[in-house]
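Once you've looked at the hints, dock chain B against the given chain A.
Order-wise, the sequence lines are chains A and B.
Following UniProt numbering, the numbering of the first sequence begins with 1 at its first residue and continues without gaps.
Following UniProt numbering, the numbering of the second sequence begins with 1 at its first residue and continues without gaps.
No lab work stands behind these hints, which were simulated from the structure alone.
Predicted, not measured: the structure shown is a model, and the values here were computed from it.
Errors might be hidden in some of the hints.
Identical copies go unnamed one by one, so any copy, or any two together, can satisfy a pair.
As the list claims (entries may be wrong) - When the alpha-carbon atoms are kept at most 20 Å apart in a straight line, the in silico SDA-like pairs for lysine to any residue are as follows:
1) K177 x I430
2) K27 x P379
3) K132 x T5
4) K105 x H212
5) K283 x L305
6) K250 x D143
7) K27 x F230
8) K132 x F144
9) K177 x E210
10) K380 x R118
11) K148 x R6
12) K291 x E280
13) K148 x E251
14) K59 x S94
15) K283 x P325
16) K132 x D143
17) K380 x E301
18) K4 x F230
19) K148 x N412
20) K246 x N168
21) K311 x D147
22) K304 x S293
23) K148 x G45
24) K291 x K351
25) K279 x K304
26) K311 x I270
27) K380 x T328
28) K311 x N299
Protein chains: 2
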Amino acid sequence: MTEKTRVLINECIGQEGQGVTLKGWVKKVRHLGSISFVLLRDRTGEIQCVLEKKWAGLKLETESAIELSGIVKKTQQTSLGVEVLADEITILSSSAPLPFELSKKTLNAGLDQVLNNRFVSFRHHKINTIFKLKALFVNAFSDFLTDKGFTQIFTPKLVSQGAEGGANVFTLNYFGKEASLAQSPQFYKQMMVGAGFERVFEIAPVYRAEEHNSSRHLNEYISLDVEMGFIEDFRDIMRLETELLKSIFKEIQESFGDELAEYKAEIPIISEIPELTLKEAQKVLKDVYKKDSPVGDLNTEGEKLIGRHIKEKHGSDFVFITHYPAETRPMYTMPNKENPALTDSFDLLYKGTEITSGGQRIHTHGQLLQSFESKGLNPKDFSSYLEAFQYGFPPHGGFAIGLERIIYLFLNLGNVREASAFPRDCDRLIP
Amino acid sequence: MTEKTRVLINECIGQEGQGVTLKGWVKKVRHLGSISFVLLRDRTGEIQCVLEKKWAGLKLETESAIELSGIVKKTQQTSLGVEVLADEITILSSSAPLPFELSKKTLNAGLDQVLNNRFVSFRHHKINTIFKLKALFVNAFSDFLTDKGFTQIFTPKLVSQGAEGGANVFTLNYFGKEASLAQSPQFYKQMMVGAGFERVFEIAPVYRAEEHNSSRHLNEYISLDVEMGFIEDFRDIMRLETELLKSIFKEIQESFGDELAEYKAEIPIISEIPELTLKEAQKVLKDVYKKDSPVGDLNTEGEKLIGRHIKEKHGSDFVFITHYPAETRPMYTMPNKENPALTDSFDLLYKGTEITSGGQRIHTHGQLLQSFESKGLNPKDFSSYLEAFQYGFPPHGGFAIGLERIIYLFLNLGNVREASAFPRDCDRLIP
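For reference, chain A alone in the conformation it holds in the complex (with noise of 0.2 Å):
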C-alpha cells in the first residue's frame, strides 16, 4: 500500500488540476443546495473545499481533524485562488460541540475561558499567531546573540535556598535539603561569563512567588537573559539590547504581515533609544504631571507617564532609565564612579511599562564582598558565588527581558497571560 503523500494548503497555490491529499481541521461547513463547501485549516493557511452530490449524507462537525483527497481547481472566490473538489475523505477524529465559537475573526470569550479551554481558543487564528510570534522572537534573540559570540548556557532551576536570599520564593524538599526555584539565572550566568564563555544567554523560566495578581505578572515566566564580560561600562550593554531589539523586530516585520494588523501592532522605530537618569524621570512626573514617585524607583502610573512623554517628545516606544539608586538594586550592581550611592543600571520601558531590568555588576572580590555586607547579607551564605570572583573576573554586565511581556505589550494584549500558553498565577495551575 503506497501512502498519500500529505500536501499543506499553501502548497496548493498554483497546482490547479493537480490531485492532492490534505490534512487538517474543518474550520466551517455550508450548503448550498445540494453542493457543501468545507473550509478546511492545517497550520499553513485555509482552503476551501467543494463537497458534491455524493457527499450529501456525510455528518461532519466543526473542528474534526479530517484527510481529504481531491483536485485543485482555480477560483475567483477565495483570496487563495484555488479550491479543492473533493474526491475522498476520511474523518480522523471527529470532534464534540465546542465550547465557544471559533470561526469569527475575533474570538467571543472571555480570558478564563481562553486560558480554560486553551486546546480550543489556540485553533483560533488570532491566538495562534501569538504563539507563532513568541517562537520567531526567541529564535531571533538565539540567532542574533549566537551571531556576536554568545554561548547558549542551561543553568539549574533548582537552587539552594537562599542564592538569591529572601523574599517570593517557592521552596521545596529537595532530598531532605530545602531548595528554592530560581527567581533569575544571575549568579549562574555570571559564573559561565567569568568561567571564560565571556558571552552568554540563556532562555529557560524563572519563578516569582509572588501574590499579586496583576495583568503584568506571571508567577511562572520565561526569562530571556543576557550576560557580557569585557564592557567598558554598562553603555556597552545598553547598546546591545538596542541592537538586538532592531534585529528581533527587522525579523518580525518580515515574517508577519496581516497577522500584526489584526492585534494593531506596529513594528517599534528603533534608532537610538532616549535615555533619561531616574532622577529626570522623577523631575519630569514632578514638573510636568505633577506626580510623586516613590524613593529610587518608579511606580506602575510614573512608567506609564514617562512612557506617554517620551513617545510625544521622541516618538520612541522605547526609554532606558538609569542611575537607579544602590538601595533599590540588587548586591551585584556596580556603583556609580562619580557617585557611589547610585549605580550603573537601567531598566527598560516599553510602551509605559519595564521590560528589562539590567547593567555593570560588581567584578572584584572585595567590592562585591563590601556590597553584600552593607545590604547586612552575610556572605556565607552566597560563598559558591563568592569565590567565583577570586579568579580574574572581568567587567562584565548584563540584562534580562520578560518575554511573556514584551510579546503581550507588542500585540496590546490586554493581559500577559494571554502571551503565556498555560499562564501560573496565584489561582491557575490547571490546565
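Showing chain B alone in chain A's frame:
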C-alpha cells in the same frame, strides 16, 4: 576619550604590523632572561604575548583578566603564526591561586573538584568545549525542526499534582495548593499539536525525584521534546528522529574538529537506523549472551549488549527497540493494531544507552479513557488533558531526547554530570 576597540585573538591572524588591544585571561607566564612570554586566552583562542624588559617588575598571576595592547608580529614558534609585542598592559582583575592546575592538556582533577569549582574548571579548553557543543546541538535541533514547520513552545514546569501520576515527583506548596515539577511536557506538547500547531518542540528542564545516584542520571536535565500531528504511524516519528540526528551531527562535524579528537568522539554514521522489536532484542540477549531480561523491558546491561551487538553486526551506534508491551509504557501510548498487548512505541539506544523514548499516542477520547482506566487511573484526575481529545485530535506521536545524556555519550565522558553546567543529584544542590 576614545576607547580602543577590542580585537579577538583569532582576529589577529594576518594582522602583522597592526596595533591591537586584546582582552582575556593569562593562561601561562614563562620567563626567559629579561623577557616574559604570556599566553593569553579569550573565547576565540590563545596567543603568545611578548613582554620585553620594561615589564620586568610586573606581577602577573595566572588566570588574571587583563587588557593588553601591542603590535602583531609574525612568528614561527606558535601554531597561530602570530604573536603580540606588548606595549600597554592593564590588570582588570587579579587571580588568587587556583584550586588546581589549568594549563595542562587534560585537567588533573576529580569529578567533585571539577563540579565544585566550575568557575575555574569551565576555563579549561576541554571542558569549555562540552558546553559549546551543547549550545550548538540545541541550535541545530531548533534549526532543523523550525525548518520543517515545527513551532517552539514554552510550557509550564509548575504543574498540578497528579497530572502525570505517581512516583519520583518533586512537590511544593503553590499558594496553598500542591504543585509538582514537570517530569516532562508530554501532556502539554500533545495538547498544542492537537490544538492546531500540528508540530511543536520544546527545549526545557524536566525533573525526576529519583534517589539513585548513577553516572547516567540527573535529577534536573534538559529535555529536547518533539511532537508531530497527522502522522501515518509511529515510523514517521522514527524517520523524523533519524533525519534530525543526521542533521545535528552534520552541523557538529562542520563546527568542531580537533576538539572532538581530544575526546576521541566520532561523528556517528547514520543512514537507516537498525531496528529490533523488544522481543527480538530479548531473544538476542538470551541466544547470544545467555542473559535474561526483565518483563517488557531491557536492563542496563541488556542495553549495553544490544548496543554492542548492533555495532558489530551493522556498524551502527544507534538502534531502535520497538513494540514495547502496553504494561510497561505510559497510558497515552498507542496499542499496536495487530497485537494490542504491544504498543507502537520505541526507545532509541546510542552506544548501548537509552537516549529517547517515543511512539504514537492514542488520539481518540474513548480509547484514551479506556487506557487510563485499564491502568487503574481515575480520568477525573486528568480531566484538563482528556478534554482536549474531544475536539478532533489528529493521529500524532513524538519523542524526547535527554540533552546531557546524548552529549555525554557522544563525547565519551565518564559521567553525565560532566555535561551539565551545574548538575543536580541527590547530594548536589550547590553551586
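Going through the hints against the structure:
1. K177 x I430: between (28 Å within a copy, 11 Å between copies)
2. K27 x P379: neither (61 Å within a copy, 29 Å between copies)
3. K132 x T5: So K132 and T5 fail the 20 Å test inside a copy (25 Å) and across (38 Å) alike.
4. K105 x H212: Neither: 33 Å inside a chain and 53 Å across chains, both beyond 20 Å.
5. K283 x L305: Result: close within a single copy only, 12 Å intra versus 74 Å inter.
6. K250 x D143: both (13 Å within a copy, 19 Å between copies)
7. K27 x F230: between (55 Å within a copy, 17 Å between copies)
8. K132 x F144: both (18 Å within a copy, 16 Å between copies)
9. K177 x E210: between (23 Å within a copy, 15 Å between copies)
10. K380 x R118: between (46 Å within a copy, 18 Å between copies)
11. K148 x R6: Between copies only: 14 Å across, 39 Å inside.
12. K291 x E280: Intra 13 Å, inter 77 Å, cutoff 20 Å: intra-copy only.
13. K148 x E251: both (16 Å within a copy, 18 Å between copies)
14. K59 x S94: within (10 Å within a copy, 77 Å between copies)
15. K283 x P325: within (15 Å within a copy, 71 Å between copies)
16. K132 x D143: both (16 Å within a copy, 15 Å between copies)
17. K380 x E301: neither (39 Å within a copy, 44 Å between copies)
18. K4 x F230: Between copies, since 12 Å is at most 20 Å while 57 Å is not.
19. K148 x N412: neither (30 Å within a copy, 30 Å between copies)
20. K246 x N168: neither (33 Å within a copy, 44 Å between copies)
21. K311 x D147: neither (31 Å within a copy, 38 Å between copies)
22. K304 x S293: within (12 Å within a copy, 66 Å between copies)
23. K148 x G45: Classified as between: cross-chain Cα gap 16 Å, same-chain 35 Å, threshold 20 Å.
24. K291 x K351: Classified as within; 19 Å inside a copy, 67 Å across copies.
25. K279 x K304: Intra 16 Å, inter 66 Å, cutoff 20 Å: intra-copy only.
26. K311 x I270: within (12 Å within a copy, 56 Å between copies)
27. K380 x T328: Cα proximity of K380 and T328: none, with 23 Å in one copy and 47 Å across.
28. K311 x N299: Within. Shortest intra-copy distance 18 Å satisfies the 20 Å Cα cut-off; inter-copy 64 Å does not.
Checked against the numbered hints given earlier, this structure breaks hints 2, 3, 4, 17, 19, 20, 21 and 27; the rest are met.
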